Each structure stands twice: as structure tokens, then as C-alpha cells.
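Protein chains: 2
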Amino acid sequence: MKITLEKDVMENNDRAAEFNRQLFQKTGTLVINIMSSPGSGKTTILEKTAAALSDQFRIAVIEGDIATERDADRVRRAGVRAVQIATEGECHLDPRMIAKVLPEIDLDHTDILFIENVGNLVCPSEFDLGQNHRIVVLSTPEGNDKIPKYPLMFHVTELALINKIDLIPYVSFDMNKAREDLHAINPSSRIMPVSAKNGEGFDAWLDWVKKAYRDCLKQ
Amino acid sequence: MKITLEKDVMENNDRAAEFNRQLFQKTGTLVINIMSSPGSGKTTILEKTAAALSDQFRIAVIEGDIATERDADRVRRAGVRAVQIATEGECHLDPRMIAKVLPEIDLDHTDILFIENVGNLVCPSEFDLGQNHRIVVLSTPEGNDKIPKYPLMFHVTELALINKIDLIPYVSFDMNKAREDLHAINPSSRIMPVSAKNGEGFDAWLDWVKKAYRDCLKQ
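Chains D and S supply the protein sequences, listed in that same order. Heads up: the first sequence is residues 1 to 219, going by this note's numbering. Heads up: the second sequence is residues 220 to 438, going by this note's numbering.
What the hints contain is simulated information worked out from the structure, not anything from laboratory work. Every value quoted in this text rests on a predicted model; they were computed, and no experiment measured them. All C-beta atoms, glycine included, are put in the ideal place defined by N, C-alpha and C. Any given hint might turn out to be false.
Claimed, not checked - Reference excerpt, derived from the structure (chain D facing chain S, CB under 8 Å, subset only):
{"id": "1", "residue": "Arg21"}
{"id": "2", "residue": "Leu23"}
{"id": "3", "residue": "Pro38"}
{"id": "4", "residue": "Leu152"}
Claimed, not checked - Keeping only pairs whose Cα atoms sit at most 20 Å apart, straight-line, the calculated DMTMM-like set for lysine to aspartate or glutamate is:
{"id": "5", "chain 1": "D", "residue 1": "Lys100", "chain 2": "D", "residue 2": "Glu90"}
{"id": "6", "chain 1": "S", "residue 1": "Lys226", "chain 2": "D", "residue 2": "Glu88"}
{"id": "7", "chain 1": "D", "residue 1": "Lys7", "chain 2": "D", "residue 2": "Asp174"}
{"id": "8", "chain 1": "S", "residue 1": "Lys226", "chain 2": "D", "residue 2": "Glu90"}
{"id": "9", "chain 1": "S", "residue 1": "Lys267", "chain 2": "S", "residue 2": "Asp426"}
{"id": "10", "chain 1": "D", "residue 1": "Lys177", "chain 2": "S", "residue 2": "Glu288"}
{"id": "11", "chain 1": "D", "residue 1": "Lys177", "chain 2": "S", "residue 2": "Asp426"}
{"id": "12", "chain 1": "D", "residue 1": "Lys197", "chain 2": "D", "residue 2": "Asp106"}
{"id": "13", "chain 1": "S", "residue 1": "Lys319", "chain 2": "S", "residue 2": "Glu309"}
{"id": "14", "chain 1": "S", "residue 1": "Lys396", "chain 2": "D", "residue 2": "Asp73"}
{"id": "15", "chain 1": "D", "residue 1": "Lys48", "chain 2": "D", "residue 2": "Glu200"}
{"id": "16", "chain 1": "S", "residue 1": "Lys396", "chain 2": "D", "residue 2": "Glu69"}
{"id": "17", "chain 1": "D", "residue 1": "Lys7", "chain 2": "S", "residue 2": "Glu309"}
{"id": "18", "chain 1": "D", "residue 1": "Lys211", "chain 2": "D", "residue 2": "Asp174"}
{"id": "19", "chain 1": "S", "residue 1": "Lys319", "chain 2": "S", "residue 2": "Glu237"}
{"id": "20", "chain 1": "D", "residue 1": "Lys7", "chain 2": "S", "residue 2": "Asp393"}
{"id": "21", "chain 1": "D", "residue 1": "Lys197", "chain 2": "S", "residue 2": "Glu237"}
{"id": "22", "chain 1": "S", "residue 1": "Lys416", "chain 2": "D", "residue 2": "Asp166"}
{"id": "23", "chain 1": "D", "residue 1": "Lys197", "chain 2": "S", "residue 2": "Asp327"}
{"id": "24", "chain 1": "S", "residue 1": "Lys416", "chain 2": "D", "residue 2": "Asp174"}
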């Protein structure tokens with residue numbers, strides 16, 4: 001009985017994700033689902049990304065959190081539209097939660113929609129939200145061993161932003177080992193070292209987003 | 220149907236937790252369930268704790284991870300017995316997983332059993348494992364805002380070890396705000412700042428463990 005129920009729930013999720021995907025395609029909106037542990041710097045990355053790109057693109061953000069409106073407030077201060085989803089205890093966003101808030105987004109006038117998932121390296125990796133791209137942020141204080149320890153997250157994403165490289169002198173993080181472990185789990189993913197704090201490596205990330213937007217329009 | 224099923228699952232969990240609790244009490248074993256985000260330093264804390272206490276106490280560790288035997292190997296090198304549970308995708312330990320590996324622990328000859336839960340600030344907070352104490356580790360690079368953002372975790376624990384205080388000069392972490400936010404969620408919990416790296420604050424933590432052991436024997 002439990003298995004049937006789970007299968008049913010996941011099939012409903014897949015349908016909801018497909019619904020979102022078609023809507024995004026129709027409005028020509030690039031959608032990026034960003035996942036990570038709590039505190040890896042997703043919101044800071046979004047603040048800096050929004051600040052750097054908002055003169056060229058119409059940007060919106062969906063913030064997923066267990067509780068509080070803090071992250072939406074932070075990105076709003078960076079000048080972008082933001083909608084907060086409080087999951088009330090759920091450890092991930094699911095595609096129906098996204099579908100429910102899309103009317104607040106005005107997709108017709110949104111070029112890029114970032115979805116900041118709940119801080120969690122496990123559960124969010126199991127849910128397709130209908131996005132174009134799934135990426136993961138891993139911060140250097142967490143350690144490079146998180147890649148083999150949370151393999152599904154690194155398997156379903158196509159880019160691993162290694163954030164807080166400004167802290168590398170003070171923590172143990174082996175970038176070569178990270179590349180090697182990521183390659184073993186997902187040869188088509190890649191590592192991109194950045195510091196949202198001092199901007200190091202950020203140009204490569206902004207270029208990645210711009211290219212993703214051009215590719216999205218070609219579809 | 221889903222609600223009935225969930226209720227049923229949670230009731231089974233409560234029974235299993237009670238079974239574990241009675242066993243721990245019978246053997247006079249202090250059991251501490253340690254939870255946190257990935258990469259906050261739980262394993263390093265356990266390595267250092269085991270090294271500091273293993274001449275006075277017979278210590279064992281259960282390591283919970285999605286995948287890999289890495290953490291058990293690390294604490295074994297620190298000289299303690301360790302059993303690894305690979306949850307195969309589950310985002311938390313549950314009391315039946317614990318009960319299943321207890322025969323490998325030799326509780327009769329174990330004074331203190333540490334359970335290192337899966338790195339996750341959400342799911343593990345929902346599961347009683349039958350432990351005497353639940354504590355949470357939050358590392359300074361994660362930011363003090365994780366306390367209000369993950370309230371259940373800080374509600375069910377009675378001690379918040381704030382780890383990596385050696386990184387405070389390089390990150391934004393407001394210890395007073397952390398105290399204030401924790402007090403609002405759980406007035407009976409407290410903050411204890413430590414650095415597993417340089418040992419700062421570690422004596423207070425070791426004293427806490429020793430006192431917990433004495434209290435456990437009095438029961």
C-alpha cells in the first residue's frame with residue numbers, strides 16, 4: 001500500500017512539473033532551481049546575481065523555506081520581485097507548490113526565474129519542479145567529502161557552484177578531489193569556484209546564466 | 220488514507236524509540252543524538268570528543284549517512300567502536316534503524332553512545348531515537364539566521380553547539396542574535412560556542428557530556 005501511494009504521489013508530481021515546464025516554455029522564461037545545504041550562500045549568490053543582471057534581464061525569485069520570509073526580503077532589497085513559499089515543515093519544494101505561486105510571478109514579463117530551494121542536500125534532489133536547469137551550491141567550509149556523501153544531489157544537477165572560496169585558506173577543501181568525485185558521480189556536471197562575498201569567479205557564473213538564457217530562447 | 224498511514228508509521232516509530240530507551244536505561248548507557256546541516260563539523264567534534272574522553276569512558280558511535288562508510292572510518296581512527304548506517308536515500312535516522320544495529324554495539328560495555336545523524340537540519344528533528352539528549356551543531360559559516368529558519372530543530376534540542384568559532388573573523392555570525400533567537404524558540408536550550416579545530420570552548424562541552432553521564436546513572 002505504501003509503495004502504491006508513493007508511486008501515485010510521484011506521478012502527480014511529474015505531471016505538475018510538466019505543467020510548469022510547458023508554462024515556462026510558453027512565456028520564454030529561463031528557470032533555474034538552486035539547491036544546497038543550509039548556509040552555503042544561495043541567497044547571497046542570488047542577491048549578487050540579481051544586482052549584476054537586472055539591467056539586462058527581468059528577474060524574479062521564488063524563495064523556499066521551512067519558515068520565515070527573510071530570504072524573500074533579502075532579494076527584494078536587491079531590487080527583484082520575490083515570492084516566498086513557507087513549506088511549513090516540508091524539507092523540499094514540490095512542483096505543485098511552485099504552480100500555486102506562479103500567478104504572483106507575472107511570467108510573461110519575466111526573463112529569468114530563480115527558485116531557491118529549501119536548504120537541504122537530500123530531499124530537494126528528488127523533485128523535478130519543471131525547471132530548465134538544476135544546480136547545487138556547496139560551500140568550502142562544508143568540505144569536499146559532501147559530494148560522495150550526498151550522491152543523488154550531485155547526480156541530478158549539472159553545475160556545482162563551489163562558494164566561499166575566500167575561506168579556502170582557513171578550511172580544508174580539496175578542489176581537485178571535488179572535481180574527481182563529481183566526475184565519478186556525474187561526468188556531465190562541472191565545478192565552478194566562486195566567492196559571492198568578494199566576487200571572485202562570478203563572471204563565469206554570470207556568463208553561464210546568460211548562455212542558459214540564450215539556449216532557452218532557442219528551444 | 221495518507222494521514223492514517225503517516226500516523227501509523229509515527230506510532231511504530233514511537234514504540235521503537237521506547238524500546239531503545241528501555242534498553243539504554245537497562246545497560247546504563249548515555250545516548251546523545253547529534254544533528255546538524257551537512258558539513259557543520261559533527262564528525263570532527265566526535266573525533267576530538269572520543270580522543271578526550273576515551274580514557275575515562277567506553278565510547279561507541281553510530282554514524283548515519285545517506286551513502287559511504289567515511290565517517291565511521293574517521294571515528295574508528297580516533298580509537299572508538301563505530302557502526303555505520305547507510306540510509307540509502309532516507310534523510311534521517313529512525314529508531315528502527317538504530318534498534319537493528321544495536322546488537323553490534325555491545326551496550327553492556329558502553330558508557331556513552333553518540334549517534335551522528337544524517338546531515339540535515341529538517342528531517343532528523345522529527346524522529347525520537349530513544350536517546351537521552353538531542354543536540355544540534357550549527358557552524359558559524361552557515362549564519363545565525365538558521366535558528367529562526369529551521370525552528371523545529373532548535374525546538375527539539377537542548378543544546379546548540381556553535382562550531383567553527385575560529386572562522387568568526389571571516390564570516391558573518393552574530394552570537395548575541397543567535398542567543399536571542401534560540402531563547403525565543405526554546406528558552407530551555409542554550410548556546411555553547413566551540414571550535415573543534417583549535418579546541419576553544421571544548422572543555423565546557425566535555426563537562427556537559429560528563430555531567431550528562433552522571434545524571435544518566437542516577438536515573
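Could you tell me which of the numbered hints above are not met by this structure, giving the numbers in increasing order?
1, 2, 7, 11, 12, 18, 20, 21 and 23
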